[in-house]
Amino acid sequence: MRLRLRPSDDSFYEFFSRAAANLVKGTDLLSELALPGVDVQSVSERLVEVEHDSDAITHELYKKINSSFITPFDREDIYRLGSLLDDVMDHLEAVGSLLYLYGLTKLPTLPREIHEIVKVLDQQSRLTAEAMPRLKTMKGLEEYWVECNRLENEGDSAYRMALVRLFSGEYDALTVLKMKEVVDELEAACDAFEHVANTVETIVVKES
Amino acid sequence: MRLRLRPSDDSFYEFFSRAAANLVKGTDLLSELALPGVDVQSVSERLVEVEHDSDAITHELYKKINSSFITPFDREDIYRLGSLLDDVMDHLEAVGSLLYLYGLTKLPTLPREIHEIVKVLDQQSRLTAEAMPRLKTMKGLEEYWVECNRLENEGDSAYRMALVRLFSGEYDALTVLKMKEVVDELEAACDAFEHVANTVETIVVKES
Amino acid sequence: MRLRLRPSDDSFYEFFSRAAANLVKGTDLLSELALPGVDVQSVSERLVEVEHDSDAITHELYKKINSSFITPFDREDIYRLGSLLDDVMDHLEAVGSLLYLYGLTKLPTLPREIHEIVKVLDQQSRLTAEAMPRLKTMKGLEEYWVECNRLENEGDSAYRMALVRLFSGEYDALTVLKMKEVVDELEAACDAFEHVANTVETIVVKES
Chain G
1 MRLRLRPSDD SFYEFFSRAA ANLVKGTDLL SELALPGVDV QSVSERLVEV
51 EHDSDAITHE LYKKINSSFI TPFDREDIYR LGSLLDDVMD HLEAVGSLLY
101 LYGLTKLPTL PREIHEIVKV LDQQSRLTAE AMPRLKTMKG LEEYWVECNR
151 LENEGDSAYR MALVRLFSGE YDALTVLKMK EVVDELEAAC DAFEHVANTV
201 ETIVVKES
Chain P
1 MRLRLRPSDD SFYEFFSRAA ANLVKGTDLL SELALPGVDV QSVSERLVEV
51 EHDSDAITHE LYKKINSSFI TPFDREDIYR LGSLLDDVMD HLEAVGSLLY
101 LYGLTKLPTL PREIHEIVKV LDQQSRLTAE AMPRLKTMKG LEEYWVECNR
151 LENEGDSAYR MALVRLFSGE YDALTVLKMK EVVDELEAAC DAFEHVANTV
201 ETIVVKES
Chain U
1 MRLRLRPSDD SFYEFFSRAA ANLVKGTDLL SELALPGVDV QSVSERLVEV
51 EHDSDAITHE LYKKINSSFI TPFDREDIYR LGSLLDDVMD HLEAVGSLLY
101 LYGLTKLPTL PREIHEIVKV LDQQSRLTAE AMPRLKTMKG LEEYWVECNR
151 LENEGDSAYR MALVRLFSGE YDALTVLKMK EVVDELEAAC DAFEHVANTV
201 ETIVVKES
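Chains as they are written, first to last, in my numbering: chain G, 1 to 208; chain P, 1 to 208; chain U, 1 to 208.
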């Protein structure tokens, strides 16, 4: 019989899987924004709901950390990973709120480059949701973090092209400023997914 | 007699208390900005002075860490907490400097939403100053970090409403850009207080 | 014979030295932007090349961490230092790309304040390149991090003066927005050099 120094308390992994599954709901809602005749207010309200769900999951995780005598890996890393998954959702929710608050819904369509970044986020969320359950064995995660970093680079290029479009002279200065806030939140969400991937990499390096 | 593995060198706690008390001075100065006929140059200069005091406290703390054989909790955490308290002050000072440098003092009044964020900062600084002495016993800190996070959410809402106001068409594009810099620093200060609270939470979780 | 608990695997120090030397190439390219009749497209393309070199160095370092049984200092710190050196290059490269993408090359000259920030970056990169080989002995590094932090403060002042210049009314709102993106990347590069210095300080404090 092999001695296990750290018990694999499955509930910790479940928190990460649930948090990442919730991020897929978030990027699904953002993808709706590309549909013709979309109701931005409704998308924004549903984003607020999934963000509340994320907050609840994160809060439960913190309580679990505080009440557990032993944890499957470092307490601080569990804490950090939970908090970084929550950060992603904050940025996704902000996109919906800003579009609605700034009345950008009155534009005939959002620039195509914005939807390019949303597509990257959609891939990052699916990839993250698939990877989280693999934390239990710490196997097969390298592909995830490499791909998540590659997608962040892709998001960065799409972000730059979105700025070039915004600054092209097609829009008045105030509209540019408002859309820039939205695009900045999208880019921050791409970055936040990368921070999750980097933290997973650090954990795997440390525990292996 | 109970063996104490780590001596409670009180001077470390005093650094945190002094740094946080200095932040209260900083937010008090920002609160003056809401007074009618305020002298923004004078507020800005006094903010530079309290920022220098913060730098001196942080520098003393670092020297103390380097010269101490044992510390009341992890060296790195002491370092991080000192550095994060210093970051808050940098943002508070920047608000005063930007208002003065951009000549925003010529505006009849700053938008009300800016003062809403300052009120949040005022509450965060007082809360932080009350919490720091409790680091010694590591007791009664949960309420602090929960409330500090709640305030950061409140600051975030106030920030969004400030942006809606700035982008309403009431101001010309250059004034919007200048005020946005100021509002961004205020929001960064709210975030920085939250980072302090999160670090305190991490320390308590680790040491408990 | 003195027992060494940790072997000094020189190849780790070489990675940091190579990464920092590459940053000097990056700031040399940015310094070319102040020359009359500079070809911004060529500078931008060469920045992309040195950025790819940085990525390759970082990738090699990560592989080395993963394949090493023992490391000269904490695995996580090696990882973090490598990643922060890489971040600096990302910001340097972004400056070139944005100048080119936004067509800012058509301006007769860039504002003088932009070159002031580039001068600070130039000093930070040389200082960092000189400091990295000293990681091996962990000696004589305090001067480096103190000076790197001082330079970051200088960069911060130059950044503020650059914003004052941009918002002076001399440029139209869209040009202001584009140049602000460039100036923000320059300031982020100054900050990123400071993060490298802070991490070196943390490592030295921990290992000493």
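Everything labelled a hint here was simulated from the structure, so no lab data went into it. Treat the hints loosely; a few may be bogus.
Said to hold, decoys possible - Listed below are the simulated EDC-like cross-link pairs for lysine to aspartate or glutamate, each with C-alpha atoms no more than 16 Å apart in a straight line:
id, chain 1, residue 1, chain 2, residue 2
1, U, K180, P, D184
2, P, K206, G, D74
3, P, K64, U, E154
4, P, K64, P, D74
5, P, K206, G, E76
6, U, K180, G, D184
7, U, K119, U, E142
8, P, K25, P, D87
9, P, K206, G, D77
10, U, K206, P, D10
11, U, K25, U, D10
12, P, K64, P, E49
13, G, K206, U, E154
14, P, K63, U, E76
15, G, K136, G, E207
16, U, K206, P, E76
17, P, K64, P, E143
18, U, K64, G, E142
19, P, K180, G, E142
20, G, K63, P, E143
21, U, K206, P, D77
22, U, K180, P, E181
23, P, K180, U, E181
Now for the hints, and whether the structure bears them out:
{"no.": "1", "hint": "K180/U <-> D184/P", "result": "14 Å, holds"}
{"no.": "2", "hint": "K206/P <-> D74/G", "result": "10 Å, holds"}
{"no.": "3", "hint": "K64/P <-> E154/U", "result": "26 Å, violated"}
{"no.": "4", "hint": "K64/P <-> D74/P", "result": "13 Å, holds"}
{"no.": "5", "hint": "K206/P <-> E76/G", "result": "7 Å, holds"}
{"no.": "6", "hint": "K180/U <-> D184/G", "result": "14 Å, holds"}
{"no.": "7", "hint": "K119/U <-> E142/U", "result": "22 Å, violated"}
{"no.": "8", "hint": "K25/P <-> D87/P", "result": "15 Å, holds"}
{"no.": "9", "hint": "K206/P <-> D77/G", "result": "11 Å, holds"}
{"no.": "10", "hint": "K206/U <-> D10/P", "result": "21 Å, violated"}
{"no.": "11", "hint": "K25/U <-> D10/U", "result": "23 Å, violated"}
{"no.": "12", "hint": "K64/P <-> E49/P", "result": "23 Å, violated"}
{"no.": "13", "hint": "K206/G <-> E154/U", "result": "37 Å, violated"}
{"no.": "14", "hint": "K63/P <-> E76/U", "result": "24 Å, violated"}
{"no.": "15", "hint": "K136/G <-> E207/G", "result": "11 Å, holds"}
{"no.": "16", "hint": "K206/U <-> E76/P", "result": "7 Å, holds"}
{"no.": "17", "hint": "K64/P <-> E143/P", "result": "29 Å, violated"}
{"no.": "18", "hint": "K64/U <-> E142/G", "result": "15 Å, holds"}
{"no.": "19", "hint": "K180/P <-> E142/G", "result": "40 Å, violated"}
{"no.": "20", "hint": "K63/G <-> E143/P", "result": "14 Å, holds"}
{"no.": "21", "hint": "K206/U <-> D77/P", "result": "11 Å, holds"}
{"no.": "22", "hint": "K180/U <-> E181/P", "result": "11 Å, holds"}
{"no.": "23", "hint": "K180/P <-> E181/U", "result": "14 Å, holds"}
In summary, the structure is inconsistent with hints 3, 7, 10, 11, 12, 13, 14, 17, 19 from the numbered list given earlier, while agreeing with the others.
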